[in-house]
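Going by the working numbering, the sequence shown opens with residue 780, and the numbers climb by one from there.
Simulated from the structure, these hints should not be mistaken for lab results. Where hints are given, some of them may not hold.
[What the hints assert, rightly or not] What follows is a set of in silico ranges between Cβ atoms, one per label pair, in the way DEER data are often shown:
#1 881 to 859: 55 to 61 angstroms
#2 898 to 817: 23 to 29 angstroms
#3 942 to 832: 47 to 53 angstroms
#4 802 to 901: 18 to 24 angstroms
Bear in mind the structure is a predicted one, so any value in this text is a computation, not a measurement. Note that CB positions come from ideal geometry on N, CA and C, so glycine has one too.
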Amino acid sequence: SRLDNVPDSEAYGVEGELTIRPATGLTIAANALYLKTQINDYNGTNAAGRPENFDGAEFIYSPKFQGSLTLAYDTPVTETVNLTGAISARYQSKSNTIFEDIDLYKVDAYGSVNASLGLKDESGWSVSLWAKNLFDKYYWSAVASNANVVVRFANQPRTYGLTVGYEF
Numbered sequence: 780s781r782l783d784n785v786p787d788s789e790a791y792g793v794e795g796e797l798t799i800r801p802a803t804g805l806t807i808a809a810n811a812l813y814l815k816t817q818i819n820d821y822n823g824t825n826a827a828g829r830p831e832n833f834d835g836a837e838f839i840y841s842p843k844f845q846g847s848l849t850l851a852y853d854t855p856v857t858e859t860v861n862l863t864g865a866i867s868a869r870y871q872s873k874s875n876t877i878f879e880d881i882d883l884y885k886v887d888a889y890g891s892v893n894a895s896l897g898l899k900d901e902s903g904w905s906v907s908l909w910a911k912n913l914f915d916k917y918y919w920s921a922v923a924s925n926a927n928v929v930v931r932f933a934n935q936p937r938t939y940g941l942t943v944g945y946e947f
């Protein structure tokens, strides 16, 4: 890993967020980001350590699109206990991990879904079942190199659990 200062570059984009509550207890939240990055004038070293001109390259770890959508529901089941549930999806387009356009160093586009279902009492206790990466999607989120070795860092597989809590 190395730190490079790229003096002549540009980044611009647009981001939007929307939260609506179309019915009692239901919240829908969405977020989207479009990002355009470009190096205008930079001479540095490539992955093999040789000098290279990177004019026109995209910034590293800067996907052009990222988005998320969350549906959350909270409704009473008794006078003091609420049923809570949520499902959220996140997506990002591919990105480069180096300035060069080499497939080996790309992070492919990926998406992931998380979900939870639980009970919460107004006295402070709560219990919820949850799952992360619900559909067990395999992807890598980072790529690094050292000498002649390229390492990809994979995401967590599907995980699930039970959380019991108390707020005081």
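Status of each hint after checking the structure:
1. 881 to 859: 55 to 61 angstroms: Holds, since residue 881 and residue 859 (Cβ atoms, about 58 angstroms apart) stay within the stated range.
2. 898 to 817: 23 to 29 angstroms: violated (50 angstroms)
3. 942 to 832: 47 to 53 angstroms: Taking Cβ atoms as reference, residue 942 and residue 832 lie about 52 angstroms apart, which means the hint holds.
4. 802 to 901: 18 to 24 angstroms: Since residue 802 and residue 901 have Cβ atoms about 21 angstroms apart, the given range 18 to 24 angstroms holds.
Violated hint for the displayed structure: number 2, the only one.
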